[in-house]
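We have chain A already, so just place chain B on it with the hints.
These protein sequence lines map, in sequence, to chains A and B. If you read the first sequence in the working numbering, its first letter stands for residue 1, the second for the next number, and so on. If you read the second sequence in the working numbering, its first letter stands for residue 1, the second for the next number, and so on.
Derived by calculation from the structure, the hints in this document are not laboratory data. Hints are all accurate, no fakes.
Under the rule of at most 30 Å between Cα atoms (straight-line distance), these lysine-lysine pairs were calculated in the DSS-like manner:
no.	chain 1	residue 1	chain 2	residue 2
1	A	K55	A	K370
2	A	K385	A	K370
3	B	K38	A	K370
4	A	K55	A	K385
5	A	K55	B	K38
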Amino acid sequence: MTSRSYDALVFGGGSAGMAAAARIAAAGFSVAVLERERELGGVLNQCIHSGFGLKVFREDLTGPEYAERFCERLSAAPGVEVYLETTAQEVAPPAPGAEAPLTVFGYSRRHGILQLSARAGVLAMGCRERNRGNVGIPGTRPAGVFTAGFAQRVLNIDGYLPGRRAVIVGSGDIGLIMARRLVWAGAEVPGVVEIQSYPSGLTRNVVQCLNDFGIPLHLSHVVSRILGANRVEGVEVSPLEDGVPRLDKTFRLDCDTVLLSVGLLPDTELAKKLGVALNPETGGPLVDAGLQTSVPGVFACGNLLHVHDLVDFVTEESERCGARVAEFLSGDYEQLQHRVAPGANVRYVVPNRYYPGRENRFYLRALVVKNQARLEVRLGGQLAKQRRLPHVQPSEMVSFTLNPAELAGLPAGADQTLEVSIA
Amino acid sequence: MNGTKGRELVCIACPVGCRLRVSQEAGEIRVQGNQCEKGDTYGREELLAPRRVVTATVRLAGSALRRLPVKTHRPLPREHIGALLAEASRLEVQAPVARGQVLLADFLGTGVDLVATRTVPGQTGA
Numbered sequence: 001m002t003s004r005s006y007d008a009l010v011f012g013g014g015s016a017g018m019a020a021a022a023r024i025a026a027a028g029f030s031v032a033v034l035e036r037e038r039e040l041g042g043v044l045n046q047c048i049h050s051g052f053g054l055k056v057f058r059e060d061l062t063g064p065e066y067a068e069r070f071c072e073r074l075s076a077a078p079g080v081e082v083y084l085e086t087t088a089q090e091v092a093p094p095a096p097g098a099e100a101p102l103t104v105f106g107y108s109r110r111h112g113i114l115q116l117s118a119r120a121g122v123l124a125m126g127c128r129e130r131n132r133g134n135v136g137i138p139g140t141r142p143a144g145v146f147t148a149g150f151a152q153r154v155l156n157i158d159g160y161l162p163g164r165r166a167v168i169v170g171s172g173d174i175g176l177i178m179a180r181r182l183v184w185a186g187a188e189v190p191g192v193v194e195i196q197s198y199p200s201g202l203t204r205n206v207v208q209c210l211n212d213f214g215i216p217l218h219l220s221h222v223v224s225r226i227l228g229a230n231r232v233e234g235v236e237v238s239p240l241e242d243g244v245p246r247l248d249k250t251f252r253l254d255c256d257t258v259l260l261s262v263g264l265l266p267d268t269e270l271a272k273k274l275g276v277a278l279n280p281e282t283g284g285p286l287v288d289a290g291l292q293t294s295v296p297g298v299f300a301c302g303n304l305l306h307v308h309d310l311v312d313f314v315t316e317e318s319e320r321c322g323a324r325v326a327e328f329l330s331g332d333y334e335q336l337q338h339r340v341a342p343g344a345n346v347r348y349v350v351p352n353r354y355y356p357g358r359e360n361r362f363y364l365r366a367l368v369v370k371n372q373a374r375l376e377v378r379l380g381g382q383l384a385k386q387r388r389l390p391h392v393q394p395s396e397m398v399s400f401t402l403n404p405a406e407l408a409g410l411p412a413g414a415d416q417t418l419e420v421s422i423a
Numbered sequence: 001m002n003g004t005k006g007r008e009l010v011c012i013a014c015p016v017g018c019r020l021r022v023s024q025e026a027g028e029i030r031v032q033g034n035q036c037e038k039g040d041t042y043g044r045e046e047l048l049a050p051r052r053v054v055t056a057t058v059r060l061a062g063s064a065l066r067r068l069p070v071k072t073h074r075p076l077p078r079e080h081i082g083a084l085l086a087e088a089s090r091l092e093v094q095a096p097v098a099r100g101q102v103l104l105a106d107f108l109g110t111g112v113d114l115v116a117t118r119t120v121p122g123q124t125g126a
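Excised from the complex, chain A in its bound form (with noise of 0.2 Å):
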């Protein structure tokens, strides 16, 4: 058995274990990403299409190019030591007082078993996407029910067309990029089928991946059957009335693929074996305002932390992630901190802590459809910060900063909590 020690374990060599691990070498710190495939970059060397990167290098990349600058960044980052085709298995007890307190053991080819301790570890193994089995569709169980991130991956990394006419249910991004994409590649997309009464996939896709080629968008419908004995033949479609399928006017619509794009969940299994305490409404860690997990040491970031609609904020989160990890090896860690609660119309805010000292930086999501919202961050009941939003929708994040300065002599209330809501 191989047995290696380093100030930091970054668990997924994707955008966001790349950014993280990138930062704790800059600050001196010696690092192992361990990345299950064989190549760095996770889910981006698969999304070829454009659109990343707007924010973080101002240009307009494919995935695969974005995925390739952080891989030469991290190639050229000393002290970086990267284990592909590697699987992290098992977790050793936490040790109190070892040198270096996080154990995992994981396997690969080339190095056969692995043993690899650290100070500290960063989750970045980003998510999964839901499946049949969690949107339960009723029907036969024939061959060429795929989720649509599976077949992106046979499509492009594999090069196999995974139909000819193809169903796409649900309406997440990857959904609308794979209708766009299985339409330049010759196949037909007969329609996409949403339960939600709007898309839950960003708008511009919507209008460049459906619109653009005349694909029907199915809005407050749900697949009611799935047809076909050995290969699909077609889907049932029923529309909802009040949330109720009206079965008297369902519709079939002939294919032999259907693809779900029915969501995404973090990827905590390593997270619940480190004993990580996990948020259900985002279903990744609970962290503090510095991205540590509830397990000391343990720091997350990415896709597994929260689901991103852009990689350019998984990247800008995942460095501040890698300057805390930096912060707390050094043993200079920001313990003063308080609770951050969401308010009205606000599915979860992500950290679940604040700096009161220092410039703090929120993702969240909101519970609803609206134009002209307004953000509001209240201090002990009194508004902190407000900005206007000119659309919320529950599939496009809302991200934003807060200093020190905003909160000066707000009441602090009992507990110091920050009420995030939207208005």
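Only chain B this time, still in chain A's reference frame:
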């Protein structure tokens, strides 16, 4: 409409997705609702001659990877997208490939190149 053409558009230049109102009056195009100049450009182009960045994959030889991801280095007029995709489906590129390497130059005289979007090293035999 008395020579006035108006359209509601959602800008696709970035994820903000500004809701634009583009109108044309006496040959003058007006874009409203945009938060930056990209929105102005998009609104005008969308009314006169819509363009899109096209991404795809092409066959790759001499590598363990099967497909090479590619893009147009600039948005291509929409009417040429079909022809570009047909041409790309016939392409086979030999590794090694550099990111940004031009695979099809000045497609149909549009000034738009098809370029590789990742680096593929040559096989080392290892």
